[in-house]
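Protein chains in written order, with my numbering: chain A, 1 to 306; chain B, 307 to 652.
Think of the hints as simulated: they come from the structure by calculation, not from any bench.
Wrong hints could be hidden among the right ones.
[Claimed, not checked] Straight-line C-alpha distance at most 20 angstroms; calculated SDA-like pairs for lysine to any residue:
hint, chain 1, residue 1, chain 2, residue 2
1, B, Lys-550, A, Trp-125
2, B, Lys-526, A, Val-135
3, B, Lys-526, A, Leu-256
4, B, Lys-526, A, Ala-138
5, B, Lys-526, A, Met-1
6, B, Lys-526, A, Ala-252
7, B, Lys-550, A, Arg-118
8, B, Lys-372, B, Arg-589
9, B, Lys-526, A, Gln-257
10, B, Lys-526, A, Arg-259
11, B, Lys-372, B, Leu-587
12, B, Lys-526, A, Ile-5
13, B, Lys-372, B, Glu-337
14, B, Lys-550, A, Pro-126
15, B, Lys-526, A, Asp-4
16, B, Lys-526, A, Ile-2
17, B, Lys-526, A, Val-139
18, B, Lys-526, A, Glu-3
19, B, Lys-550, A, Pro-144
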Amino acid sequence: MIEDILAASVRIGTPLLFAALGGLLSERAGVFAVGLEGMMLAGAFAGVIATWLTSSLGLGLVASAAGGMALALVVVIATQRYGADQMVTGLAVNILALGLTSFLLRGFGARGEAPVLRVPTLAPWPIPWLADLPVLGAVLFRQPPLTYAGIVLALGVAVWLARTRAGLTLRAAGENPYAVFAGGTDPVRVRALAIVACGAIAGLGGAVLSLQQVGTFTDGMTNGRGYIALAAIIVGRWRPMAALAACVVFGAADALQLRVQGFRLPVSSYVIQMTPYLVALAVLAGVGRSARLPAAIGVPLLRERK
Amino acid sequence: MSRRGLVLLACLLVSTLGDDRPVRAQPAPHEPTIGILLGPSGRGDRGFNDNALDGLAAASKQARVKVLERAAPAADAYGAAIDELATAGADLIIGVGFLYAEPFRSAAARHPARRFLLLDAELAGLPNVRAVTFRADEGSFLAGVAAAAESKRAKVGFVGGMDMPIIRAFECGYESGVRWAARELGREVRGYAVYVGATPEAFANPAMGAELARELIVQKGVDVLYAAAGASGLGVIEAARAAKLKAIGVDADQSLLAPGTVVTSMRKRLDRAVETAVADLRRQSFTGGTLVMRLANGGVDLVLPGALAPSTRTLLGEARAALVAGRATPCAKPEERSAPKFPPRR
Numbered sequence: 001m002i003e004d005i006l007a008a009s010v011r012i013g014t015p016l017l018f019a020a021l022g023g024l025l026s027e028r029a030g031v032f033a034v035g036l037e038g039m040m041l042a043g044a045f046a047g048v049i050a051t052w053l054t055s056s057l058g059l060g061l062v063a064s065a066a067g068g069m070a071l072a073l074v075v076v077i078a079t080q081r082y083g084a085d086q087m088v089t090g091l092a093v094n095i096l097a098l099g100l101t102s103f104l105l106r107g108f109g110a111r112g113e114a115p116v117l118r119v120p121t122l123a124p125w126p127i128p129w130l131a132d133l134p135v136l137g138a139v140l141f142r143q144p145p146l147t148y149a150g151i152v153l154a155l156g157v158a159v160w161l162a163r164t165r166a167g168l169t170l171r172a173a174g175e176n177p178y179a180v181f182a183g184g185t186d187p188v189r190v191r192a193l194a195i196v197a198c199g200a201i202a203g204l205g206g207a208v209l210s211l212q213q214v215g216t217f218t219d220g221m222t223n224g225r226g227y228i229a230l231a232a233i234i235v236g237r238w239r240p241m242a243a244l245a246a247c248v249v250f251g252a253a254d255a256l257q258l259r260v261q262g263f264r265l266p267v268s269s270y271v272i273q274m275t276p277y278l279v280a281l282a283v284l285a286g287v288g289r290s291a292r293l294p295a296a297i298g299v300p301l302l303r304e305r306k
Numbered sequence: 307m308s309r310r311g312l313v314l315l316a317c318l319l320v321s322t323l324g325d326d327r328p329v330r331a332q333p334a335p336h337e338p339t340i341g342i343l344l345g346p347s348g349r350g351d352r353g354f355n356d357n358a359l360d361g362l363a364a365a366s367k368q369a370r371v372k373v374l375e376r377a378a379p380a381a382d383a384y385g386a387a388i389d390e391l392a393t394a395g396a397d398l399i400i401g402v403g404f405l406y407a408e409p410f411r412s413a414a415a416r417h418p419a420r421r422f423l424l425l426d427a428e429l430a431g432l433p434n435v436r437a438v439t440f441r442a443d444e445g446s447f448l449a450g451v452a453a454a455a456e457s458k459r460a461k462v463g464f465v466g467g468m469d470m471p472i473i474r475a476f477e478c479g480y481e482s483g484v485r486w487a488a489r490e491l492g493r494e495v496r497g498y499a500v501y502v503g504a505t506p507e508a509f510a511n512p513a514m515g516a517e518l519a520r521e522l523i524v525q526k527g528v529d530v531l532y533a534a535a536g537a538s539g540l541g542v543i544e545a546a547r548a549a550k551l552k553a554i555g556v557d558a559d560q561s562l563l564a565p566g567t568v569v570t571s572m573r574k575r576l577d578r579a580v581e582t583a584v585a586d587l588r589r590q591s592f593t594g595g596t597l598v599m600r601l602a603n604g605g606v607d608l609v610l611p612g613a614l615a616p617s618t619r620t621l622l623g624e625a626r627a628a629l630v631a632g633r634a635t636p637c638a639k640p641e642e643r644s645a646p647k648f649p650p651r652r
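Just chain A, same shape as in the assembly (with noise of 0.2 angstroms):
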């Protein structure tokens, strides 16, 4: 029972995973992630009409990449280029997305129908001697590839951002972006690539639903991860490992209500169904007091131009 809750709460909290670590690097560098939605939608769209396309899920999770980073051009364009404001963008962006795969999809079927491509899943790959362990086993080693990808992932910008020199411009730019500039790094293009990033790495998110869990495209498939992700980054203040425990407990939190309408009780669904929302409100009010933003998170950089 337990083994069951914490491996269906790393199953739901992969995806968010994915875009939570996009976010936090977008947010370090100093731009808020708002667009994390989008670019999982643009991600879990691409992936499959690349994979549908052809029925390679290597090539479906490149375009997930691809689909997610598209999108964070257009925040780039818009904010760094621009001046754009981060949150407006990021939901323009959003919406974008919503409207724009929805429409595309309609592309791909006769008389303008949307068609349900069915592709093939990302079957779990369990770890040979590890996937026996008690409990462990169960809830770590017999996932699919994506879950895997997420921790290592999870793993290696924790020391990236801590540990290498890249890293440490990248917080830079999130905290004093003027001293990236007078260490002679422009923090214009430290943001720009952050939210390239962002984006790839959200796109996977995507992909984790569409190739993933269900094998097709559906109009707004992401509904609302993109914003549960964004209150895990909070929540995790804004470091990675922190992060990945913060999507585990989301996770867990709609595993468990899940759960609980097997048993039966003599309460509304609609009170069941809203405790994941009271834990994670619960959860940022009690860690929103102590967390700090990056300093020059939202703060506009534009070069003067000539």
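Given chain A's structure and the hints, the job is docking chain B onto it.
Just chain B, lined up with the frame of chain A:
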């Protein structure tokens, strides 16, 4: 634009264009013009809207009709969309889904010479409006019979989209069917029901649908799943496919989505309601009022034969006969329909 602005604009449009076309009274025109207002999921949803459009296609095969098709308007522009169709000369205006109930109520009085067909919602007391409802509980009863008969582990599941009375009717009918079949087969069959969410987004969350289905499969040992969850149902079908189990589709024949997994599908026959209405219009025998489409008049059914075992098909035949003869009752009372009481009591 503000809501007020839109209303003003709508009024303006109506007043300038007017509805002063000479109204043909009783005698229906030679080539009737049919206006159809689609539901939000639009053309190509392989469910509701396509179903209704199929009915129009079938009707136009019998004799020529002129079709004016309109996508769902913005929430505050339903009245204006209806007026536009009336002005364009539609003899019959079809509204796909319950969203058109209130707009039809007021529009029917504004356009007394037009006929209205409201699909899947109730609206009584208007002479020129025919409101058609479908007994999803009867169709789901058959789905329950099929599930109970096909289940090897004698455990079946139901995944609903948004938790609301319309979907509860699916669950309740399914549950009754499972119980009926269990009695006929002389074995105990357990059922489990879960819902994706409490908002309309619950119909568009396939990943959560898959997770719920996996939960039922792994935790409860369910081996046949019935989903009434819109696009979220695609996730349920995928989970059943991955576990090499069986699923029952809904709204349209969903067997192509996962051949071998989706053994049959339950359909509300909106197409039949549309076809009948157009035929009535042509014969000048279109009447208002409420019409309940059920098993007995072909309003709901299972896609047959499907990939069902011969014994299941026989049992389904018996179930169908029992339902039509009134020997079996799926959720007869509305309050019973909305009462959550899964798993079956002993």
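Hint-by-hint comparison with the structure:
1. The straight-line distance between the Cα atoms of Lys-550 (chain B) and Trp-125 (chain A) is roughly 17 angstroms, inside the 20 angstroms bound, and the hint therefore holds.
2. Using a Cα cut-off of 20 angstroms, the hinted pair Lys-526 (chain B) and Val-135 (chain A) holds, with the two alpha carbons roughly 19 angstroms apart.
3. Taking the CA atoms of Lys-526 (chain B) and Leu-256 (chain A), the gap is near 15 angstroms; set against the 20 angstroms cutoff, the hint holds.
4. As the CA atoms of Lys-526 (chain B) and Ala-138 (chain A) are separated by approximately 17 angstroms, the hinted pair is consistent with the 20 angstroms bound.
5. Proximity of Lys-526 (chain B) to Met-1 (chain A) is assessed by CA-CA distance (about 11 angstroms); at most 20 angstroms being required, the pair is judged to hold.
6. Taking the CA atoms of Lys-526 (chain B) and Ala-252 (chain A), the gap is near 19 angstroms; set against the 20 angstroms cutoff, the hint holds.
7. For the proposed pair Lys-550 (chain B) and Arg-118 (chain A), the alpha carbon gap of about 16 angstroms is at most 20 angstroms, so the pair holds.
8. Between Lys-372 (chain B) and Arg-589 (chain B) the CA atoms are separated by roughly 16 angstroms; this keeps the pair inside 20 angstroms, and the hint holds.
9. Between Lys-526 (chain B) and Gln-257 (chain A) the alpha-carbon distance is near 16 angstroms, which keeps this suggested pair within the 20 angstroms criterion.
10. A hinted pair counts as satisfied when its Cα atoms are at most 20 angstroms apart, and Lys-526 (chain B) with Arg-259 (chain A) qualifies at roughly 11 angstroms.
11. A threshold of 20 angstroms between alpha carbons decides the hint, and for Lys-372 (chain B) with Leu-587 (chain B) the separation of about 13 angstroms falls inside it, so the pair holds.
12. Proximity of Lys-526 (chain B) to Ile-5 (chain A) is assessed by CA-CA distance (about 13 angstroms); at most 20 angstroms being required, the pair is judged to hold.
13. Taking the CA atoms of Lys-372 (chain B) and Glu-337 (chain B), the gap is about 7 angstroms. The hint holds against a cut of 20 angstroms.
14. Of the pairs offered as hints, the one joining Lys-550 (chain B) and Pro-126 (chain A) holds, with about 18 angstroms between alpha carbons and a cut-off of 20 angstroms not exceeded.
15. Distance check on the hinted pair: Lys-526 (chain B) and Asp-4 (chain A) sit about 12 angstroms apart at the alpha-carbon level, within 20 angstroms; holds.
16. Our distance criterion of 20 angstroms between C-alpha atoms is met by Lys-526 (chain B) and Ile-2 (chain A), whose separation comes to about 14 angstroms.
17. A distance of roughly 18 angstroms separates the Cα atoms of Lys-526 (chain B) and Val-139 (chain A); the hinted pair therefore holds under the 20 angstroms criterion.
18. Simply put, Lys-526 (chain B) and Glu-3 (chain A) have alpha-carbon atoms about 15 angstroms apart, close enough for the 20 angstroms limit, and the pair holds.
19. The suggested pairing of Lys-550 (chain B) with Pro-144 (chain A) holds, with an alpha-carbon distance near 17 angstroms, which does not exceed 20 angstroms.
Violated hints: none; the structure is consistent with every hint.
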